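Keeping their order, the protein sequence lines are chains F and P. Here the working numbering = 1-based position in the first sequence + 507. Here the working numbering = 1-based position in the second sequence + 3.
One or more hints might be untrue.
DSS-like mimics (lysine-lysine), calculated; alpha carbons at most 27 Å apart, straight line [unchecked claim]:
#1 P:Lys-465 to P:Lys-488
#2 P:Lys-393 to P:Lys-376
#3 P:Lys-229 to F:Lys-545
#4 P:Lys-328 to P:Lys-300
#5 P:Lys-376 to P:Lys-403
#6 F:Lys-545 to P:Lys-300
#7 F:Lys-559 to P:Lys-87
#8 P:Lys-328 to P:Lys-365
#9 P:Lys-365 to P:Lys-57
#10 P:Lys-602 to P:Lys-445
#11 P:Lys-87 to F:Lys-526
#12 P:Lys-122 to F:Lys-559
#13 P:Lys-22 to P:Lys-171
#14 P:Lys-365 to P:Lys-546
#15 P:Lys-376 to P:Lys-412
#16 P:Lys-122 to P:Lys-57
#17 F:Lys-545 to P:Lys-122
#18 P:Lys-602 to P:Lys-403
#19 P:Lys-125 to F:Lys-545
#20 F:Lys-515 to P:Lys-87
#21 P:Lys-597 to P:Lys-546
#22 P:Lys-229 to P:Lys-253
#23 F:Lys-559 to P:Lys-114
#24 F:Lys-526 to P:Lys-290
#25 F:Lys-545 to P:Lys-290
#26 P:Lys-253 to P:Lys-412
#27 P:Lys-87 to F:Lys-519
#28 P:Lys-87 to F:Lys-523
#29 F:Lys-523 to P:Lys-253
Stretch-level coverage of chain P by chain F, calculated; a stretch enters the list once three of its residues show a Cβ under 8 Å from a Cβ in chain F [claimed, not checked]:
#30 67 to 76
#31 86 to 100
#32 106 to 112
#33 125 to 133
#34 181 to 194
#35 226 to 233
Hints listed in this document are in silico derivations from the structure and should not be mistaken for laboratory results. Everything numeric in this text was worked out from a predicted model, so none of it was measured. Where a beta carbon is used, it is the ideal one built from N, C-alpha and C, also for glycine.
This is what each chain is made of:
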Amino acid sequence: MSSIDIEKERMKEWAKINKGDYFPRIDTEAESYFEDCKTNMEITELQFSDMKQLQALLESGKIAVKDKKIDLICAVAAFKRKQSKVDLAGRGNTREDKELPDFIYQF
Amino acid sequence: MYILGVSALYHDSAAVLIKDGEIIAAAQEERFTRIKHDASIPENAIRYCLNEAKIEAEDLEAVVYYDDPVLMLDRFLSNLISVKEEDVSCLLDYSFESIFRDKMWIAENLKQVIGGLGKRGKLLVSKHHMSHAASAFYPSPFDCAAIITVDGVGEWNTTTLGYGSGNKITILKELNYPHSLGLLYSAFTYFCGFKVNYGDYKLMGLAPYGEPVYYDLIKKELIDVKEDGSFRLNLEYFDFQNGRSMTNEKFAQLFGGSRREPESTITNREMNMAASVQKVVEEVIEKLAITARSLTKQCDNLVMAGGVALNCVANGVLRRKNIFKNIWIQPAAGDAGGALGSAMLAYYSTYGMQRTNNGRDKQKGSLLGPEYKTDEIQTFLDRNGYNFHKYNTVDELCRKLAEELDAQKIIGVITGRMEFGPRALGNRSIIADPRSREMQAKLNISIKHRESFRPFAPIVLKEALDQFFDLEGDSPYMLFCGNVKNRCNTDFNVHEQLRENTDMLSIINMKRSDIPAVTHIDYSARIQTVTEESNDFLYRILKSFEERTGCGVLVNTSFNVRGEPIVCSLEDAYDCFMNTDMDILVMGEYLLYKQEQEKGYEIRRKSYELD
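Okay, chain F solo, but in the shape it has when bound:
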């Protein structure tokens, strides 16, 4: 099992443990679905460049819109990807890498 597969498995387990439903459904009784803007819309500085900073940021609760979802596991996954990624010149150079998927919206 590759390192990526291991992290994906851990994340699957994490998803199972934290199972929830963050997708509100149609409510025919409601008059409006609009929410007042809750997000801080100011420009911010991106505050991390290593795992420790990222972990601290994720655990601070300052940046999560909805709590208890951002977790250490994400910091680990992100940091490992950072460590394992080849240099920029070595990737994203094939057409396949740069093409958008054509079966699903890229988000």
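Please arrange chain P on chain F, whose structure you already have, making use of the hints.
Using the frame of chain F, we list chain P on its own:
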């Protein structure tokens, strides 16, 4: 003060450089790499922007990215724990690498590409929809305006309503993922056999062929729209949240069978689906505008951005409703424009600069990309030994072009600065005579190699607008549809024709107006108005053509073939010219005839993957 804005890793990567609030340079990465909608870090576009200003990375005050990776992660994780257990793997397979390898490390990756993050040293990040809102408001000609942003999704937001005044933007209301008008439209794009991320405008072009017979069904089953324009999707019919595809089996059952296979025959079902979802989008946009108006009562102006704001049919409908006196839409309304918005937001918000307004927009005609000087073109032509004609004056050249257009020649034009945004506005365009009945099919099949149903847009002298089109005001960025006047064959009804005749091409070729090549099947047209100020060269070609023929209108389509990004360089333009049945190529002041070119030219790239 130089600020660099960057969009990347989703759709249409781009870089924009502003200096003291003025746009200095802007370009999409796809134009350099020749990969349509290229989403990679825009290395080439960044380099171009810095070169254009003759500055180095250390001269930048700040670098701003248009999307907040931490909020994006929050949405991804919320999505992950909201789907069924069996869908988690699929979602992870789809997103894991791009999130944890690229998006989370955008600061590091940009730093490597740019060679630093400016004097600030840390990457600034703007919220995705705030970037869109800023791209719509700050370059607009208005002191204050209501702001609507609508797209697929950015972090959590899919729709926002806000207000801009002076140098400040306030977002008032929001709708969040997974409830998205952009994703609904993309679902229909996918189901009708077009590519998601590529084919939304095809669905829009297909809509007039159909009747909105599914409108009620969509409203009943797929989307609940409230009176204020807010909405939610019925997720039982969609699969995008699971990372699989846009729609599921239940969606297919609702529309009587499986998805249309790409490149297969388009049937009445797809035409009717396109018409129906288009009607829903128009209705939602209108309601959103009414709500925005009520939230910002004192303001007569509306600005819009986000991918859905490129729906020029809905924009045209909205304009005719007169909910707002004035509407301005960011020409690069999709993600590319987010780079512009984020840079401007930093300038006005983070650095608190005052915004002045002289009543004209600051988009500079969206002609913000690379250009070639006369000596560079001469060197290019000489080096390659291409045969050309050079004209002593621009007027002489334009008169010659008018003569050739009148003789039904199809002309590729590369001149001045490349357009920023998805539309070719005359500097990287193919132009032709709109009076010809066969021109639409000829352009589609022989030049663009694309589907025969797709319409072409007119460029029209601003002073001749009223003579040909039913559209008040102007449309310099080709973002509003209006109706063609001087109709002939007024009994023509496309729906009746399609019931009696399965040969779509013969229907398309039926003359419906004095300018059939730019008259869509429902008599609509996506109009670009041209003035001396907006594009002097294009204006002079139009003027010469009008003097010769009495018609101040031309066909304007992007200089590319299907699947290819719009040409950027002289090499791209010459290659595309030689790869198609185009007759003439204009490079600045130089004119090249196909028949005079050497026969042995080896085309660099003959085909692109179909979009």
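We went through each hint and held it up to the structure:
no., hint, result
1, P:Lys-465 to P:Lys-488, "holds (15 Å)"
2, P:Lys-393 to P:Lys-376, "holds (14 Å)"
3, P:Lys-229 to F:Lys-545, "holds (21 Å)"
4, P:Lys-328 to P:Lys-300, "holds (12 Å)"
5, P:Lys-376 to P:Lys-403, "holds (21 Å)"
6, F:Lys-545 to P:Lys-300, "holds (22 Å)"
7, F:Lys-559 to P:Lys-87, "violated (32 Å)"
8, P:Lys-328 to P:Lys-365, "holds (20 Å)"
9, P:Lys-365 to P:Lys-57, "holds (21 Å)"
10, P:Lys-602 to P:Lys-445, "holds (23 Å)"
11, P:Lys-87 to F:Lys-526, "holds (9 Å)"
12, P:Lys-122 to F:Lys-559, "holds (24 Å)"
13, P:Lys-22 to P:Lys-171, "holds (19 Å)"
14, P:Lys-365 to P:Lys-546, "holds (26 Å)"
15, P:Lys-376 to P:Lys-412, "holds (26 Å)"
16, P:Lys-122 to P:Lys-57, "holds (17 Å)"
17, F:Lys-545 to P:Lys-122, "violated (31 Å)"
18, P:Lys-602 to P:Lys-403, "holds (24 Å)"
19, P:Lys-125 to F:Lys-545, "holds (25 Å)"
20, F:Lys-515 to P:Lys-87, "holds (16 Å)"
21, P:Lys-597 to P:Lys-546, "holds (25 Å)"
22, P:Lys-229 to P:Lys-253, "holds (24 Å)"
23, F:Lys-559 to P:Lys-114, "holds (20 Å)"
24, F:Lys-526 to P:Lys-290, "violated (36 Å)"
25, F:Lys-545 to P:Lys-290, "holds (22 Å)"
26, P:Lys-253 to P:Lys-412, "violated (50 Å)"
27, P:Lys-87 to F:Lys-519, "holds (11 Å)"
28, P:Lys-87 to F:Lys-523, "holds (9 Å)"
29, F:Lys-523 to P:Lys-253, "holds (26 Å)"
30, 67 to 76, "holds (count 7)"
31, 86 to 100, "holds (count 8)"
32, 106 to 112, "holds (count 6)"
33, 125 to 133, "holds (count 7)"
34, 181 to 194, "holds (count 6)"
35, 226 to 233, "holds (count 5)"
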